[in-house]
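Just need the whole structure built from these sequences, with the hints factored in.
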Amino acid sequence: MADFLRIEHIRKTFPGVVALDDVSFSVASGEIHTLLGENGAGKSTLMNVLTGLYHPDRGEIRIDGEKISLTSPRDSLAYGIGMVHQHFMLVPAHSVFENILLALDNVPNLFNRKKYQTKVQNLIDEFGLELDLDMPVWKLSIGAQQWIELIKLLMRDCRLLILDEPTAVLTPQEADRLFAVLERLKNQGKSIIFISHKMREVMQISDRVTILKKGHSITSLKRDEFDENKLASLMIGDDKIPQWQKNLQMSDEIVLEIQQLSVRNDRGLADLDSFDLELKKGEILGIAGVAGNGQKALAEVLTGLKTASQGRIMAKGQDITSSDAKKSYIAGIAHIPEDRKSIGIAPDMSVDDNLIMKSFKNGAFSRWIFQDKKAIRRNANEKIEQFAIKSGPDGTPIRYLSGGNIQKVIIARELSEKPAVLVALYPTRGLDIGSAEYVHKVIADGADQGMGTILIAEDLDELLKLSDRIAVMFRGQLVGYVDPRNTTREEIGLMMSGEKQGGAV
Amino acid sequence: MKLVTERREISSPLLRFLTPIGSIAVALFVAGFLLLASGVDPLAAYKDIIVESLGSMYGLSETLVKTTPLIFAGLGVSLAFRMQIWNIGAEGQIYIGAMAASGVALFSGIDNHWLMLLLMFTAAFIAGGSWAGVAGFLRARWQVNEVIVTLLMNYIAILFVDYLVYGPWKDPKGFNFPLTAQFTDSARLAEYFDTRLHSGFFLALFVALVLYLFMERTVWGYQIKVIGSNPKAAQYAGMKTGTTIFMVLFLSGAIAGVAGFSEVAGLQHRLQHGISPGYGYTAIIIAWLAKRSAIGVVIVSFLMGVLLVGGDSLQIYWQLPIALVYAFQGLILFFLLASDFFVQYRIKLVKGGKYA
Amino acid sequence: MLEILLDATVRAGTPILFATLGAIINERAGIINLGIEGLMLIGALAGFAGTHASGSLLVGVLAAFIVTFLAGSIHAVITVQLRGNQIVSGLAMTMFGIGITALFGKGMVGQTIAGFERVAIPLLSDLPVVGKAVFNQNLLIYFSFLLVFIIWFFFYRTRWGLAVRTLGENPAAADTCGVPVNLYKFLAVTVGSGIVGIGGAYLSLASTPMWIENMSAGRGWIAVALVIFAGWSSPKAMLGAYLFGGITAMQLRFQAMGTTVSAHILQMLPYFFTIVVLVVSTMRLQKGASQQPESLGLPYDREDRK
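Chains as they are written, first to last, in this note's numbering: chain G, 1 to 505; chain H, 1 to 356; chain U, 1 to 306.
These are computed hints drawn from the structure, not numbers from a lab.
We put the beta carbon where it would ideally sit given N, CA and C, even for glycine.
Treat the hints with care, as some may be off.
[To be verified] Only pairs whose alpha carbons sit at most 25 Å apart, straight line, appear in this in silico BS3-like list of lysine-lysine:
(1) Lys373/G <-> Lys173/H
(2) Lys358/G <-> Lys232/H
(3) Lys374/G <-> Lys225/H
(4) Lys306/G <-> Lys240/H
(5) Lys341/G <-> Lys240/H
(6) Lys358/G <-> Lys225/H
(7) Lys240/H <-> Lys358/G
(8) Lys232/H <-> Lys418/G
(9) Lys47/H <-> Lys306/G
[Claimed, not checked] Simulated restraints on C-beta separations:
(10) Val210/H <-> Tyr156/U: 52 to 58 Å
(11) Gly450/G <-> Val276/U: 31 to 37 Å
(12) Leu54/H <-> Asn265/G: 55 to 61 Å
(13) Pro15/G <-> Thr241/H: 26 to 32 Å
(14) Thr218/H <-> Ser220/G: 54 to 60 Å
(15) Leu123/U <-> Asn265/G: 49 to 55 Å
The following block contains the structure:
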């Protein structure tokens, strides 16, 4: 097979980071080539180089053997390279049709609306999808939004399709459907670069796998040269992974109970719709569900960022929904937020200052109206040592720290007051394996000491490994509980799409 | 060939220090062409500015007189900046503060000097604060854009003061000029060295010091900094962002209001039309140039004081409109914004590419 | 009586309408422009000077457009290419505009020109009540009617318009679709500024055919607030602008009738009402889907890592 695209010795640096260093890689026509690597290995950066968003410092890109230079997405599109980004490139307020139309080439400024609508509709029908062209995108499920992204590329007749972790927002069944479409495109002679860190999928669809690690391309293997174990060991290499063990010590004491809770979003729709949940002492309760089914609202109610329109929250049997007790109770819940940089920290302030964000008014850190700078420093020194935070010189703004170290600062702050309940929303998103396992260890250790954890994650394997029970959410409602020791991915998948009810465990 | 930009790792402190100075210099250079175009020799004009504002004891004292309200207003605006709140209404708050202080001076009938000044100060503080507090309340409660509200309230404040000095508060013995009667001696601040320099200047320095301690040493200052750095994180940590937004805008307006007190009690000794020639707008530039520091506000206020006194002399000697100072300030900001880019980014030349 | 009031409403509302339309084009592309007040003044002076020098009103209007287009390009370069703070740059533009027009307008003070005259459209202008207000106006007012339609058509019926709207919502989406982001943003800011300039020229060529220092008197700021009231849509901008035209017309009418209320108090009304309208329309924005462009005010850096 002739290589459609070949890149050689690519290097790309960002302020303070070498994101890619001497990366080489190629993809043939009619091939699905998987890029495998943990978070931070440089997969997305490499793809942004291919789509012309980033400009590499060094290295060559060749298409059909001819050396080219990509300085903007227009260049890449002209060469037939298109990408479905992990953060969708859609305008929520615009209709499906408007989003697709902008992606089309050679549309005259005064275009014939009917003609283009038919054209798009034909493609949608060809793939047996159901999309209302006049619907604004924000009304669609995340899964449907991903199809729009794919249609944008297909309408342009791209020769190379790049998909960045496309299954993160899909149920296992939806993922299978996507794979079927990819197989079909491959047989039409298209090249596909598939990015993932989920071993199962990689085994299922890849013709070739290239492993990226810390910005280097380690090796490329053909279909018959790899198996799951080999890929995993290549991906992790000799990294130190924190070890932890989970003990089953869930008691029957209920520490937090949510009854019939409803939350409305900015657009007046229900994010949570009569949602129920029970959390026991010392339990790790996993929440499974396709992104956008109310997980975020659940976390936000429990962090006090949103208020419920109806329903009750009970702490140790007491109704705290609408009393002052709620505020102080919620203040006592520890949180690991989803988007750590955007809501977890004050980026321009030092590690010292960030560590006291929840307790700055405490007697420990203040005298009358003044801050006790010495105590704040002392606290920081303790925490930096205890959690092995690499914090840079004193007073360095926290935004210069790596993602893993920022997460450690947040964990140190949240767990410092021995909370009874922890709400963790996608706590390992974007972390490398070492840091992610560290977060798991902290959660498991907390459970040993009786802390109940609500763990919201998108990776089913993560949930199955860590949880004592798994609750499945769909459209803001609780579908049911499953026991991770005797359930299947398929069962959870069906519950996630609302097709199967679960039992109570 | 194509130019691409890249963010620098950490911008160099030297560059960050040099850019404001460089911006002023380039703005001066460009403004020179504007002067040339209107038939004025820029070098001679610049010489006049320096000589008039710094060349004599009297000139220096006049510069400090103009620096005084700029420090107050600049501190007010910069306090709001710390929280990423835009108080564009310092001008109106100065007017309202001046009005409140004048009301006390004219109608309270108090003889005691200290009591009188204290009441005038308090009235200006509360009035300026409430004026800005309206915008603070609207922003905190309904997310109403505070830039537009504070700005529009400037027009209302100025018109209201005009209403008073042309109407009910007009001095009956003032030959129909738009001004009130003169304050009694008990309502006047002390003056020094036979010049117009008054104790308001030292009050301004004192307020700068208090504000510095407030921001850097107290739990409230900490809270404001967290909210300014990331309001979502602050909310999530349980801080009351809404209340703080209101309090900060109130305080911001209150400090600007004190500028009004200082102007009427220290300088004008009466309320009149046009009590502030745009100090409140200059304050925005001061706050932006000073970045986040109270000391920076004092220094930049002095530079702007030089410019204002110089502007007066250009009006007298060269018949140039006083609004020219605005054009100059606008230019400084333009060049400062442009130079910020070069502090933060590097530019690279890249080969190839079909499209830009 | 009503006829006269309607006529005065349209006349007083038109400069604000132009300014609001220009601001909408800026904000649709994601750029906040607080320099509207300064740009209006620049347009007013350029328009007056152009007409004064050439004797032609058309030349004046073109001069206003071109000069404010150029002035707007300062804001465009700073906010688009150099990713500077949009609020500060806009304020700087307002200050610069006030100062520069005071300087260069000195020679124009007291000069006179022949301003825009009414052109009655046959038959239509004889309609009762609205006939005079809508169909017996000057050419600039007719042009403003046309412009409202053109801008609406551009945004909702052309691909360029779709691209510009996408810039305000999610510039990265436009970028990955191959839209030249910076070029389009630059053009939105400069063309929008040029239209603001025509609003300024209306003041010095039609409202009062002369140059007066600082003659925009806060109308630019009212326009900035009206953008929110109008929900970033040009037909609603028309409604908003005439609402303020109406308040101004009524206030002038009161003064002419010799009311005992102070002129200063009456002059506050438009500003006061702008604040009220701003609060009400912002409250409305909070409920339901917001029409505010999502990336409004944010600089776009392709390589910025989130």
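Checked hints:
1. Taking the CA atoms of Lys373/G and Lys173/H, the gap is about 59 Å. The hint is violated against a cut of 25 Å.
2. Distance hint between Lys358/G and Lys232/H is fulfilled; the C-alpha atoms sit about 13 Å from each other, no more than 25 Å.
3. Distance restraint check for Lys374/G and Lys225/H: the Cα-Cα separation of roughly 19 Å lies within the 25 Å cut-off, and the hinted pair is therefore satisfied.
4. Of the supplied pair hints, the one linking Lys306/G and Lys240/H holds, its CA atoms being roughly 14 Å apart against a limit of 25 Å.
5. With a C-alpha separation of about 20 Å, the suggested pair Lys341/G and Lys240/H falls inside the 25 Å cut-off, and the hint holds.
6. Taking the CA atoms of Lys358/G and Lys225/H, the gap is near 14 Å; set against the 25 Å cutoff, the hint holds.
7. For the suggested pair Lys240/H and Lys358/G, the alpha carbons sit about 12 Å apart, so the restraint of at most 25 Å is met.
8. About 24 Å separates the Cα atoms of Lys232/H and Lys418/G, which keeps this hinted pair within 25 Å; it holds.
9. Among the hinted pairs, Lys47/H with Lys306/G is inconsistent with the structure: their alpha-carbon atoms are about 61 Å apart, more than 25 Å.
10. In this structure the hint that Val210/H and Tyr156/U lie 52 to 58 Å apart at CB holds, the actual value being about 55 Å.
11. Remark: the range hint 31 to 37 Å for Gly450/G to Val276/U is contradicted by a beta-carbon distance near 55 Å.
12. In this structure the hint that Leu54/H and Asn265/G lie 55 to 61 Å apart at CB holds, the actual value being about 60 Å.
13. Checked against the hint of 26 to 32 Å, the C-beta distance between Pro15/G and Thr241/H comes to roughly 30 Å, which is consistent with it.
14. Taken as a hint, the range 54 to 60 Å holds for the pair Thr218/H and Ser220/G, whose Cβ atoms sit roughly 59 Å apart.
15. For Leu123/U paired with Asn265/G, a C-beta distance near 53 Å keeps the hint of 49 to 55 Å intact.
Hint violations for this structure: numbers 1, 9, 11, all remaining hints satisfied.
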